[in-house]
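Asker: If you read the sequences in order, they're chains B and L.
Per the numbering used here, residue 1 is the first one in the first sequence, and the count goes up by one each step.
Per the numbering used here, residue 1 is the first one in the second sequence, and the count goes up by one each step.
Honestly, the hints are just simulated from the structure, not real lab data.
Here a beta-carbon is modelled for each residue, glycine too, at the ideal position from N, C-alpha and C.
It is possible that some hints are incorrect.
Said to hold, decoys possible - No farther apart than 20 Å at their CA atoms in a straight line, the calculated lysine to aspartate or glutamate pairs in the EDC-like style are these:
| id | chain 1 | residue 1 | chain 2 | residue 2 |
| --- | --- | --- | --- | --- |
| 1 | B | Lys-134 | B | Glu-170 |
| 2 | L | Lys-350 | B | Glu-101 |
| 3 | L | Lys-51 | B | Glu-101 |
Claimed, not checked - Listed next, with one range per pair, are the computed distances between beta-carbon atoms:
| id | chain 1 | residue 1 | chain 2 | residue 2 | range |
| --- | --- | --- | --- | --- | --- |
| 4 | B | Leu-85 | L | Glu-338 | 53 to 63 Å |
| 5 | L | Glu-338 | B | Leu-82 | 29 to 39 Å |
| 6 | B | Leu-281 | L | Arg-392 | 46 to 56 Å |
| 7 | L | Leu-65 | B | Pro-282 | 46 to 56 Å |
| 8 | B | Asp-410 | L | Ala-105 | 44 to 54 Å |
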Amino acid sequence: MNASLPLNTASAVDCAPVLKERGQREVFCGLTGIIWLHRKMQDAFFLVVGSRTCAHLIQSAAGVMIFAEPRFATAIMEERDLAGLADANEELDRIVDQLLERRPEIKSLFLVGSCPSEVIKLDLSKAAQRLGAKHGRQVRILNYSGSGIETTFTEGEDACLASLVPVMPELPASAPPNLIIVGSLPDIVEDQFLRLFAELGIENVASLPERSVADLPGVGPNTRFLLAQPFLGDTAQRLKERGAQRLDALFPFGVQGTTDWLKVAATEFGIDLQHFEEITLPYQLRADRAIAHQRKRLEGKSIFFMPDSQLEVPLARFLANELGMVLTEVGSPYLHRTHLAQELAVLPAGVILSEGQDVDRQLDRVRATKPDLTVCGLGLANPLESEGLCTKWAIELVFSPIHGFDQAGDLAELFARPLRRRDVLRV
Amino acid sequence: MQLSVWTYEGPPHVGAMRVATAMDGVHYLLHSPQGDTYADLLFTMIERRDKRPPVTYTTFQARDLGKDTSQLFQTAALDVVERFQPDAMLVGASCTAELIQDDPAGLIENMGLPIPVIPLELPSYQRKEHWGAAETFYQIVRKLSDKSRTRSPIDGRRPLVNLLGPTALGFRHRDDIVEITGLLGHMGIEVNVTAPLGANAGDIAKLGEADFNIVLYPETGDLAADYLKREFGQPAIRTIPIGVGATQDFVREVAALAGVDPEPMLQEGLSRLSWWSRSIDSNYLTGKRVFIFGDATHAVAAARIASEELGFTVAGLGCYNREYARDIRAAAKLYDVEPLITDDHLAVEKAIKEAQVELVLGTQMERHIAKRFGIGCAVISSPVHVQDFPARFSPQMGFEGANVLFDEWVHPLVMGLEEHLLTMFRDDFEFNDHSGPSHLGPGHSAPAPEDFAAPANDTETVWSEDAQRELKKIPFFVRGKAKRNTETFAAEQGVATIELATLYEAKAHYAQ
Ligand code: SF4
């Protein structure tokens with residue numbers, strides 16, 4: 001069990017070799033987050049103000065069309081909306097009226113900015129205010145940007161959650177301490193964490209986002225928060241501005257990460273260490289057992305991460321430390337130095353970190369490295385497979401429950417499956 | 001602005017990608033933000049292409065705006081030439097780049113690149129995917145066709161044709177081409193060039209050598225065919241060989257232009273559809289109500305087959321591509337239905353519901369709608385899904401295509417023999433209403449038990465117990481219709497409570 005590895009925060013983090021790339025990127029934009037955010041927040045609707053491309057992106061990234069009228073849509077701008085901002089605003093108001101009439105059950109409406117709406121400088125925060133004044137009684141109107149010129153893939157969730165922070169209820173200095181888990185998690189994972197915190201004896205635990213936007217947790221000087229995802233820089237910043245404190249921990253992937261994440265909170269909330277060990281040990285052992293099945297297959301195998309979701313560094317740490325994989329290049333669209341400090345400290349030496357992308361050059365490196373497994377986006381997976389390289393689609397890591405003790409085995413299995421498949425196929 | 005949940009067509013630059021990806025040695029430089037790279041997955045995942053689409057996205061970011069986006073574009077152009085060494089390069093802007101007005105065409109012109117460059121103007125806020133593909137193909141043909149290479153005298157050589165329109169991500173284009181090429185081969189006609197699918201710059205150069213063109217997919221091939229007619233005087237055949245009758249018409253037209261004898265190709269028995277359809281088991285297909293929706297070309301073709309070759313009743317007909325609305329309107333007249341021209345899938349859903357049909361022939365969008373209503377469905381047109389790229393050979397066109405259509409359209413329906421048995425053994429405990437037809441497999445759930453208390457229409461009618469019991473005896477696959485009809489009838493007659501007699505009076509009233 002690796003859970004008690006010492007965290008050497010003093011290690012030479014800033015010396016870790018980082019390849020900074022500013023070439024062509026092959027990543028989704030922040031609009032993509034709507035696919036999982038709308039499933040999580042069940043009283044919210046996401047209206048993208050964008051182009052046909054934006055609508056097509058969401059539909060294509062969702063892979064299969066969701067079987068019902070989903071809680072998202074695009075207000076597709078047309079030629080005449082570009083004539084003048086006054087017209088565009090008027091049109092937007094008309095669309096929102098139309099939408100709210102058809103979907104009266106919506107309690108929160110996110111106006112989501114896109115590249116086109118930003119380039120023409122359509123001010124969605126003003127629009128949200130204006131529409132809020134009109135529809136405020138029925139629905140809360142919020143806004144954020146998921147545009148590709150501002151956000152990369154998971155940063156769309158960051159922008160969305162950051163837009164919720166200002167409307168979280170204020171908790172006074174006299175309020176009892178509370179803990180917020182920040183990051184949209186599948187319900188099953190969220191419930192596991194809530195049970196664990198309860199077992200540990202930490203009360204007042206809430207999530208951002210909650211399943212219903214109407215139930216936003218309160219925030220104040222006694223609020224502590226744990227990031228469940230590494231890509232929530234702006235959300236963390238806004239929470240800090242409202243007096244909350246971030247608890248610095250590894251991210252809750254694998255036994256090591258989950259244990260550390262929980263332990264930091266336990267320590268902060270004054271939970272007895274022995275009690276912590278007693279409660280978490282059975283979970284750790286169970287997770288270790290689940291992981292052990294996959295270790296045989298993954299140990300000693302090399303892995304290359306193309307930049308995708310910012311989950312790359314914590315996942316690489318899990319795969320190296322708990323499954324014995326050999327890290328080659330770990331690419332991330334953006335490295336949040338502060339939030340990742342602990343993660344970077346426990347990464348094995350000699351890893352190449354890359355930030356940003358120049359996709360063709362990176363593919364050259366993949367071919368030169370010939371890793372056993374390459375984690376990459378959907379546009380690249382089949383082409384690499386046809387060149388004989390084994391791949392894992394990165395997007396599955398964002399859609400699947402992978403956090404916490406009881407998903408550690410599943411997470412390992414996601415990486416083991418492509419390799420297992422190679423082994424069994426005889427065609 | 002237009003409120004949209006699902007779209008039938010992507011933006012026009014996706015159409016351009018479909019052309020570039022279909023071809024060999026043509027690279028597309030697209031000025032666009034990073035998120036637009038999603039389009040690659042359409043080709044690598046849905047179509048399972050084993051190569052990345054030949055597209056380079058400049059992926060400018062907010063911090064580049066106003067400073068060096070044009071620089072970025074030019075650097076990317078040089079990179080493309082160096083790395084991919086294409087025979088020709090398309091350049092254009094996506095919706096966002098269109099707004100920042102960098103003018104890719106102007107920028108590229110000044111660079112003096114060593115390869116032919118084709119600037120594309122695809123207005124993202126007016127046009128859509130099909131048009132984008134058609135315009136791109138036309139621009140390629142205009143630029144790369146060699147005006148000096150024209151048809152040679154026929155002097156004993158085989159007639160030569162071009163097949164125009166197939167693209168990457170097209171609905172069954174891969175197999176249609178094989179089928180039609182084979183059919184033409186049997187007629188002694190040779191294919192000069194098939195484009196864009198599988199063509200390179202050299203192929204485009206020799207388009208003018210063909211005797212005539214065959215436009216298999218007007219949505220993407222029409223503009224190029226018009227140009228070739230103007231430039232080379234090549235006539236074009238626009239009869240789409242989908243279905244037995246249409247394929248026979250196609251054969252006759254092709255034979256006339258090529259000066260060959262059509263008769264050997266018109267023999268009966270070339271497609272099994274004719275006999276399968278006349279065979280006794282197909283009796284039950286008579287008058288089945290179908291709703292047809294897709295791109296105009298496939299929808300019009302499907303309507304003819306449904307009506308003439310399977311004996312269905314066309315109960316709805318429409319398309320999502322307005323550019324071809326005229327074809328749909330003309331066809332709708334033949335079948336005496338209201339044409340539905342819309343790209344709002346909610347309007348299509350409403351129309352399907354109202355048409356009370358037993359089969360939907362549509363796109364993946366309609367497949368979902370039909371699934372929700374518990375109606376059988378076969379996909380006949382793009383937009384496509386991974387399922388629309390079957391491993392097996394399954395064309396839509398030609399005589400083999402007709403066989404495929406028979407299978408694919410008829411299987412979602414309850415089979416004739418089976419329908420008969422279902423009725424006979426309705427009360428058998430193993431063979432009851434809720435087992436559903438066996439060929440739909442164990443995963444296919446039978447419709448949920450209906451709530452008899454709730455009227456199917458918004459009427460105040462009540463069912464007497466007798467009538468309700470009788471209603472349950474009607475096979476489930478027609479019960480919904482019987483229920484609706486009876487209630488409508490009762491409402492019209494001002495009957496408050498539906499008795500046994502009302503049920504049968506309604507039945508008589510609606511009997512055809
Ligand atoms: S990158 Fe911009 S234009 Fe493209 S889909 Fe994303 S928000 Fe829309």
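Asker: For L:Glu-338 and B:Leu-82, compare the CB-CB distance with the range 29 to 39 Å and indicate the outcome.
Answerer: holds, 34 Å
Asker: Holds or violated: are the alpha carbons of B:Lys-134 and B:Glu-170 at most 20 Å from each other?
Answerer: violated, 25 Å
Asker: Using the beta carbons of L:Leu-65 and B:Pro-282, state whether their distance is inside 46 to 56 Å or not.
Answerer: holds, 54 Å
Asker: L:Lys-51 and B:Glu-101: Cα distance at most 20 Å?
Answerer: violated, 46 Å
Asker: If I claimed the Cβ atoms of B:Asp-410 and L:Ala-105 lie 44 to 54 Å apart, would that claim hold in this structure?
Answerer: holds, 51 Å
Asker: For the pair supplied as a hint, L:Lys-350 and B:Glu-101, is the alpha-carbon distance within the 20 Å limit?
Answerer: holds, 17 Å
Asker: Please check whether B:Leu-85 and L:Glu-338 have a Cβ separation lying inside 53 to 63 Å.
Answerer: violated, 39 Å
Asker: Does the Cβ pair B:Leu-281, L:Arg-392 satisfy 46 to 56 Å?
Answerer: holds, 54 Å
Hint compliance for this structure: hints 1, 3 and 4 are broken, all remaining hints hold.
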